[in-house]
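Trainee: Work out the full structure: start from the sequences and follow the hints.
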Amino acid sequence: MKILVCISKTPDTTAKIAFTDNNTKFDAAGVQWIINPNDEYYALVRAIELKEADPATIIHLINVGGADSDAIIRKALALGGDEAIRVNAENLDSFGIATQIAQVAKENNYDLIFLGKETIDYNGSAVGGMVAELLDLPYISLATKFELNGTTATVTREIEGGEEVCEVSLPVVVSCNKGMAEQRIPNMRGIMAARTKPLKVVEPAVSDALTEVAAFSLPPAKAGVKLVDADNVQELVRLLHEEAKVI
Amino acid sequence: MSVLIFIDINEEGAVKKTSLEVLTYGARLAQQLGVPAEGLVLAPVKEDLAALGKYGVQTIHQVQNEALAHFDAQVYTKAIAQVAEKTGATVILFSNNTDGKALAPRLSARLKAGLVSGAVALPETANDFVVRKSVFSGKAFADVKITTSIKIITLNPNSFTIEAGAGTATVAPAEVTADLPKVKTVSVNRQSAEVPLAEAERVVSGGRGMKGPENWGILEDLAKALNAALACSRPVADAHWRPHNEHVGQTGGAIAPNLYLAIGISGAIQHLAGVNRSKVIVVINKDPEAPFFKAADYGIVGDLFEVVPKLTAAIKQLKG
Numbered sequence: 001m002k003i004l005v006c007i008s009k010t011p012d013t014t015a016k017i018a019f020t021d022n023n024t025k026f027d028a029a030g031v032q033w034i035i036n037p038n039d040e041y042y043a044l045v046r047a048i049e050l051k052e053a054d055p056a057t058i059i060h061l062i063n064v065g066g067a068d069s070d071a072i073i074r075k076a077l078a079l080g081g082d083e084a085i086r087v088n089a090e091n092l093d094s095f096g097i098a099t100q101i102a103q104v105a106k107e108n109n110y111d112l113i114f115l116g117k118e119t120i121d122y123n124g125s126a127v128g129g130m131v132a133e134l135l136d137l138p139y140i141s142l143a144t145k146f147e148l149n150g151t152t153a154t155v156t157r158e159i160e161g162g163e164e165v166c167e168v169s170l171p172v173v174v175s176c177n178k179g180m181a182e183q184r185i186p187n188m189r190g191i192m193a194a195r196t197k198p199l200k201v202v203e204p205a206v207s208d209a210l211t212e213v214a215a216f217s218l219p220p221a222k223a224g225v226k227l228v229d230a231d232n233v234q235e236l237v238r239l240l241h242e243e244a245k246v247i
Numbered sequence: 001m002s003v004l005i006f007i008d009i010n011e012e013g014a015v016k017k018t019s020l021e022v023l024t025y026g027a028r029l030a031q032q033l034g035v036p037a038e039g040l041v042l043a044p045v046k047e048d049l050a051a052l053g054k055y056g057v058q059t060i061h062q063v064q065n066e067a068l069a070h071f072d073a074q075v076y077t078k079a080i081a082q083v084a085e086k087t088g089a090t091v092i093l094f095s096n097n098t099d100g101k102a103l104a105p106r107l108s109a110r111l112k113a114g115l116v117s118g119a120v121a122l123p124e125t126a127n128d129f130v131v132r133k134s135v136f137s138g139k140a141f142a143d144v145k146i147t148t149s150i151k152i153i154t155l156n157p158n159s160f161t162i163e164a165g166a167g168t169a170t171v172a173p174a175e176v177t178a179d180l181p182k183v184k185t186v187s188v189n190r191q192s193a194e195v196p197l198a199e200a201e202r203v204v205s206g207g208r209g210m211k212g213p214e215n216w217g218i219l220e221d222l223a224k225a226l227n228a229a230l231a232c233s234r235p236v237a238d239a240h241w242r243p244h245n246e247h248v249g250q251t252g253g254a255i256a257p258n259l260y261l262a263i264g265i266s267g268a269i270q271h272l273a274g275v276n277r278s279k280v281i282v283v284i285n286k287d288p289e290a291p292f293f294k295a296a297d298y299g300i301v302g303d304l305f306e307v308v309p310k311l312t313a314a315i316k317q318l319k320g
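From first to last, the protein sequence lines are chains A and B. In terms of this note's numbering, the first sequence opens at residue 1 and continues consecutively. In terms of this note's numbering, the second sequence opens at residue 1 and continues consecutively.
These aren't lab readings, by the way, just hints derived from the structure by calculation. Here the structure is a predicted model, which is why all the values come from computation and not from measurement. Just so you know, not all the hints are guaranteed correct.
[Said to hold, decoys possible] Label-pair ranges, simulated between beta-carbon atoms:
(1) B/R208 - A/Q234: 26 to 34 Å
(2) B/G13 - A/V165: 18 to 26 Å
(3) B/P309 - A/N88: 53 to 61 Å
(4) A/T20 - B/A126: 28 to 36 Å
(5) A/V165 - B/E163: 24 to 32 Å
(6) B/R208 - A/R184: 38 to 46 Å
(7) B/G167 - A/Q234: 41 to 49 Å
(8) B/G212 - A/P219: 32 to 40 Å
(9) B/G13 - A/T20: 44 to 52 Å
(10) A/T20 - B/E163: 33 to 41 Å
(11) B/A121 - A/A29: 23 to 31 Å
[Stated by the list, open to error] For the chain A half of the interface with chain B, some residues (derived, Cβ under 8 Å), not all of them:
(12) P37
(13) E133
(14) S169
(15) V228
(16) Q234
Virtual Cβ for every residue (Gly too), placed ideally from N, Cα, C.
Mentor: Here it is, written out as structure tokens:
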């Protein structure tokens with residue numbers, strides 16, 4: 001069993017969001033970078049659990065990015081990936097990233113491709129579906145549980161107002177959601193082992209960008225909270241009805 | 001040239017509310033571009049599709065094919081691509097809901113068509129196709145230019161007001177060739193909530209301050225009085241007090257209701273990331289230092305077990 005886990009580098013959740021170059025670029029000054037939480041907590045950890053159940057399993061990690069991604073790739077290796085591939089390309093749109101992942105996947109015949117349901121910076125939920133289409137594979141999005149029985153997977157996925165259980169034969173692309181696994185912390189043994197695990201850098205395949213960011217902006221600042229006395233809930237109801245007009 | 005709108009059908013064969021938003025959005029966009037707005041239905045439907053014309057769509061392409069009876073992103077994508085090609089669609093729209101998130105990227109890769117997912121507004125001008133979307137978990141917006149001739153957009157739920165007029169649509173049968181699905185649905189387990197969380201205009205959400213699952217009755221009463229959906233914070237879902245699909249936040253679902261009532265939730269940044277696009281936020285918490293008050297529009301500092309029942313009674317009184 002060979003699993004490819006796609007990991008993305010994102011600003012830490014608590015990072016201050018600001019822009020430079022006339023609001024056309026993200027201001028990375030002072031930002032701490034992390035593995036996208038959906039890729040780490042759910043996709044990578046579930047892959048590690050599958051390897052723990054079947055030690056013959058091989059986990060490859062893939063990141064599309066510059067050399068500044070290497071720190072988060074090493075952390076993912078410390079958690080339990082076997083080897084990593086970094087496609088040396090930056091500032092691609094979702095389609096550009098998916099094209100690079102699909103190219104690597106075609107050369108390595110993976111049984112499973114896992115990634116998080118979305119990145120916490122661009123919130124696109126796009127790369128998984130694009131990779132699946134480029135590889136002509138089935139795609140199960142927003143998976144909350146994943147069980148393997150030979151070459152058949154039973155996957156629970158989120159749907160509006162509930163969940164759906166489905167079955168699919170491998171290979172398959174799965175976007176992973178809360179419920180798949182729980183966050184882990186790398187241990188010292190993992191960190192030491194990660195230093196010598198292979199991190200292969202490959203040059204990108206040719207791909208066209210289909211979109212480009214013209215500008216960023218911040219939402220208007222809130223006016224501040226209007227506090228209502230706890231003994232006067234009628235006043236809150238009046239404000240919601242007459243002022244905010246939401247009830 | 002046309003704007004093609006994917007119409008989502010629920011388990012009962014009815015059009016989802018999020019699709020009505022996309023229909024309205026699509027009709028307005030088509031007007032801007034000077035092309036027809038057309039709908040596409042793939043799933044079995046019990047509604048009168050011609051009546052969807054009141055949202056401004058002129059034609060509804062209806063595909064009836066057994067291979068499409070159950071949702072499969074791969075099979076659906078191929079079907080949508082065929083209809084898009086036959087109708088000469090240059091803009092294809094979806095809701096940014098669970099199905100839209102699975103379909104739009106696949107179709108984007110298939111057609112090599114630029115995708116903006118999670119759009120919150122119409123393009124500023126039709127000639128320069130730049131669409132605003134929410135990024136950094138609601139902490140910023142990006143104006144994204146689609147540079148391809150065919151453009152795909154998914155619209156965030158609750159970001160566009162449904163407008164209904166008086167028109168009627170022509171329902172046109174459409175033929176597609178469809179493969180058998182590779183993904184087999186084994187079972188569907190829907191919560192009995194009357195208002196689905198993703199579509200809800202009002203949401204009542206509880207956190208650790210609720211102290212246990214046995215206390216959720218007061219939130220259910222409040223939600224019922226407001227015709228609201230229920231949600232919860234991450235620790236609540238992690239402790240299995242409430243199902244995972246109610247968890248809103250960065251690693252749960254992102255929602256944008258008109259009214260979000262956060263009860264007994266301190267307002268960690270990860271939680272705010274999932275709810276900060278709500279139009280009005282009300283916080284009820286006994287800790288006046290709870291960070292959520294900084295993001296709230298209205299707040300009550302008090303014991304939720306005393307405040308919530310009073311609030312429910314006051315809302316019932318307002319509604320008569």
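Trainee: Taking the earlier hints as the rules, which of them does this structure contradict?
Mentor: 5 and 6
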